[in-house]
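Chains as they are written, first to last, in the numbering used here: chain B, 1 to 319; chain V, 1 to 443.
It should be emphasised that the hints constitute simulated quantities derived from the structure, not laboratory data. It is possible that some hints are incorrect.
Here are the simulated DSS-like pairs of lysine-lysine, each with C-alpha atoms no more than 27 Å apart in a straight line [as the list claims (entries may be wrong)]:
hint : chain 1 : residue 1 : chain 2 : residue 2
1    : B       : K314      : V       : K250
2    : V       : K401      : B       : K312
3    : V       : K81       : V       : K62
4    : B       : K312      : V       : K250
5    : V       : K62       : V       : K92
6    : V       : K433      : B       : K312
7    : V       : K92       : V       : K401
8    : B       : K21       : V       : K294
9    : B       : K207      : V       : K81
10   : V       : K50       : B       : K314
11   : B       : K207      : V       : K3
12   : B       : K207      : V       : K363
13   : V       : K215      : V       : K280
14   : B       : K71       : V       : K92
15   : B       : K314      : V       : K92
In silico contact screen, one side only, chain B against chain V (beta carbon under 8 Å); selected entries [stated by the list, open to error]:
hint : residue
16   : D17
17   : K21
18   : M311
19   : P313
Predicted model only: the values in this text are computed from it and were never measured. Backbone N, C-alpha and C define an ideal beta-carbon position, used for all residues, glycine too.
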Amino acid sequence: MENNLYVSPSPHIHGGDSVSKNMYGVLIALLPALLVSLYFFGLGALIVIVTSVVACAAFEFIIQKYLMKQKASLCDGSAVLTGLLLAFNLPSNLPIWIILIGALAAIGIGKMSFGGLGNNIFNPALVGRVFLLISFPAQMTTWPTPGVFPMTYTDAQTGATVLTAMKEGATTLPSYADMLLGNMGGSLGEVGAIALLLGFAFMLWRKIITWHIPVSILATVAVFAGIMHLVDPVAYVDPCVQLLSGGLLLGAIFMATDYVTSPMTHGGMIVYGIGIGILTVVIRLFGAYPEGMSFAILIMNAFTPLINSYMKPKLFGDK
Amino acid sequence: MLKTFRIGGIHPPENKLSAGKQITGLALPTQVIIPLGQHIGAPAQALVKKGDIVKVGTPIAKAGGFVSANIHASVSGKVAKVDNVLDASGYKRMAIYIDVVGDEWEETIDRSETLIKECTLAPKEIVDKIAACGIVGLGGATFPTQVKLMPPPGTKAELIIINAVECEPYLTSDHALMLEKAEEILVGVTILMQSVSVSKAVIGVENNKKDAIEKLTSLAKQYAGIEIMPLKVQYPQGGEKQLIDAVIRKQVKSGGLPISTGAVVQNVGTAFAVYEAVQKNKPLFERVVTVTGKAVSNTCNLLVRVGTPIRYLIEAAGGIPENTGKIIGGGPMMGKALITADVPVTKGSSGILLMTKEESVRKPMSNCIRCAKCVSACPMGLNPTHLMNLTEFAEWDGAEKNHIADCIECGSCSFTCPANRPLLDQIRFGKGKVMGIIRARKS
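Next comes chain V alone, as it looks inside the complex (with noise of 0.2 Å):
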């Protein structure tokens, strides 16, 4: 009996379309676009400006404060602008725009094959060489890992969770890293182990990974303390809290922290990236992203340069189908719908999803007919159907007593309905009020 989250979850169908198919390095575009604000937390400030000539991995940026990131150039070149863009989230940022001149690479950065597994730092200097490297989530949260490795006082450590589930159905770029990087993901989770100084380490990976799981489990032997635990496949398991009460059947307070449980979570990408930066000295600025979708002639999993607008990426998996509706960055379940193709790829992008214009239109809604589906399928045990209706009449404090702020958007509910109903789009509504009127409370 495989592991899993004790609270709600759905079973969308997979369709990992571009499973088991290789990375490919994709060709530098002519221009790059690097947002400031890729990450959870204050934007980073930039270092350049127009006409600064930067190589492969020069910073370009820095954290704008504690809960914040690095940010690297990933091509060489000339910084054309500092300028507006519009990003995944639908608003402008400010972002770095460089013109692709060459592939000329920091001298510090050690691009050899080489799996080096000796790590000799001290925590404090795993934690500050991440942190330099700009290594944040990679799952699609993007918080910034250094952060994640120092606990707050008064909780302690007691072992990392590597998030390998890639619950989001269609997303296949974890699944290809663990398939070619598993001996550096292994060396990764060991570093992780090492900064916040804990002997345990249990990779999360979800029981239709079977290959991914075979390989890691045959290769962690070498490693002390790493554990490898397949999981029943259900969604949303790639959220934080439901991994922890997976894995080790703790459950995250409402309000509390995940660290509360002892558990450090990060993702597998992450792993791989820590490898990089503590191994190789490569900052974050490259990463796998998988294009897909069922009228996409050539599903792929590309390794790509932070900041090449998502254009490129279509066009190497055979370009924009007929019917395209909809362009999703990230997953069906909790990604963005982009309103161009323009969009550069960022830290946190883990997937483009092209959908045709059948899947894309919503059916009306009707009634409620208080079937409860939704109350069941809510891995974070709330009524959503309840809360929604407390959203649509304003009743900001019922929707805060009935915990509308534990939301984790993972969208179980919507995708329920039987009635079609909306009750992500207004639940996220209410709980984005309801967070207002809290902070607005405590300041």
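One chain only, chain B, in its complex shape (with noise of 0.2 Å):
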């Protein structure tokens, strides 16, 4: 029996987190959300949701099984999770065969491209949904009504979403009750401000990510956006409006914390979303864009190697 220890290098226990874990935790965490979006867009959501999670799975196997013959690793998690924030970004009323395509362009090019988890520069449900929106402009900007469990889908009634409106110049903006409940137009994961607050509750409860991203983006975002009301009361919302409106929300606790794609020390964390909110603000009040979530978050995506060399962890003795 004595023959047959085994002999390796300490430590011998492992603490029992598994890559998995945070996925489905973030799942979870996305569950109140997922709810909301059934509840307003209904049928709809629910089509684009399943064919977004079956698609990003199916492509990543089928990647990984065929194109580069390695043991697949769906159980991870990562696919489902990819495929959930993807259809959390689109409209519900967007046809299949657009939502097969960004999941390609997510799964294939955003993740198994640059070597699959782990790898990638670039969120890979971001790098989906900024393909869909510069390919096909129009269905990507054309936001169904909310109603109750609607069941209508590619014949859903639209209209604007906050931000279009405000970009147009309209006044007449949804009260803040609807804006924290979710009953606005706009992508489907992202209306339900409350919902992802939750989410964020969990996220931190369950240790998944830290504060530090989010609120640095959400705090930045306000300071900037209540600088510009104060300039300029008319051309500029306020920025409670800002902070509930869009995929800011959304952006700032699920996509911007994407492990992978974001700065590992907390000093890193707070830059990053500094960066974040400063050039959502920007493109959102001066580019052409209504919306500036992704185009910031993908922007310091790229920027996170450069964090990473610059913002050490603070060194034992250094106090």
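Hints in hand, dock the two standalone chains.
In structure tokens:
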């Protein structure tokens, strides 16, 4: 028996954390927002989510198995997460074939072309979304108006998002209550502020993410948009509307915090968050697009390696 | 709010299965194997040869340099041979084999149980006595104690910190010692204070040993200058630098010596050994060893003579369980996996941990997802995943610039990694390389 002893270097125990635990944790945190999207966008939301999730998982499996000849790692949940996040960034009346293209861009270009999970530079779901936004601008910017379990899909009645309405000079905006609950036009996962914040609280509790990235993004947007509002209250809406509209909360809580594409130290996370906040407001207020969150995150993703090399952890003994 | 160190740290399951078990003496084996290199520094030089008759406490090897320690016979009997033995590190080292004949002690050793509080020796005399008795750090690092009690020029000792943290999961030998030998420990601490002429000592104990904290606190009232400080349970608080940070809020600079903060850190077991050496003339030839593990039928804290093969300890704990996969010398975080159960107990053996087959196998690793949990866990403020990459690509310059030499090999990074990456394996390898390069540059 003794001849069969295992010999390995220390440590001899492991904490039990795993990649899949973290991924499934994020999926659980997305559940409240998922329910909100089903409530307001009904059948359309269901079709978009199922298509996106299944397509992302399938593309990853096919690419790993037949192109990269690796063992498929579907069980880690990361492809499902990418699929759900991509769906959350789409309008609920998007035709299936466009969703498939988006899923292929997200998984194929955004993730697997870099070598799979852990190697990608850009957030895969956002790569998919931005790919679609540039390729299909019309379909990607018509937003179904929310209802109560609507059973419409591509024939849904459409309207503008808060940000588009502002860009076009509209003066009537949804009430704060509607914005908090999600009763407004927009991509299907971004509308319910309270649901997204519930997810944030869950992830903090489970120690999946830290507060640094979301809080620094939200604080930067609030301050920057607040200054602009003080300068010209007519041209620029108040910061609360900025915080609650568009993909800001979804992006700050779930997209910018993607492990792989965000910095490793708390200091680096804050720099990264401030960068995203500033870019978002700049694009929203001065750019051609009404919404800047996706672009802001992707741009800061590109800066992550640079931030990592400058923002080192605080060395023991430097205090 | 309990104090702890300020950077990183983890909280592994404590699994102190043998907590509260009384220390019991282990019957003598038929032969002991006493390695000559069982401390940090130069191996000791043998003073005996085959056929020599020794008693318990007879010096059998003398320190082989400034950083080295004397070694004494732990049994009485006849030297069988001086030969190689496979020790806990997995390397063959010279050792003295002694066949046990009876249990006759050197007459100079005071074997009575009476507590002797009074010590009137001068600092130099205390240090000499400690050196003569071969005392080394009993927390596991086995640094010769007398060296630590002679602060290098330009540094000054301001206080003694006693490491009674026992932050390794499973191990309870220090805990048991504190419960049963509290008075002796406090006298030992007083002697240590005297040896470096300081008037203050802090005993740092993690708060999972409330009974020991209570006992020491009530007894410490009779001893001037000794404070018992309960600490938050956090691994690796037993690391010397971490403990200093926790207790006096000072961090040793990268590459600096702990004494630069004014603190002299000694293990609680060492304090007891110092008491026995100075007050009872007893050299260090026995220690308390925890034998534990989830499948072990009779986990225990044993008083064991140095040189006893660990097979005897495991038998006293109920034998090797059926599905044992790993035998570890030390705790699960920093202990060494042993190749056989014939490895002898040394001065640094704090515990024997038997792990089941299921516990012994590592899960397969996957890609790093850059979650930075290792960065948050690292108590030295390093970036373990970055260091692992640098090591894999043999970027020794980069590894040195990113302070790989500061790694204390606590294993918090590997423990935390969700992708099961062998961070410490790689870093340990890289650290060895970089230290070699630094040494070569200096010489």
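* Which numbered hints fail -> 7, 9, 10, 14, 15, 18
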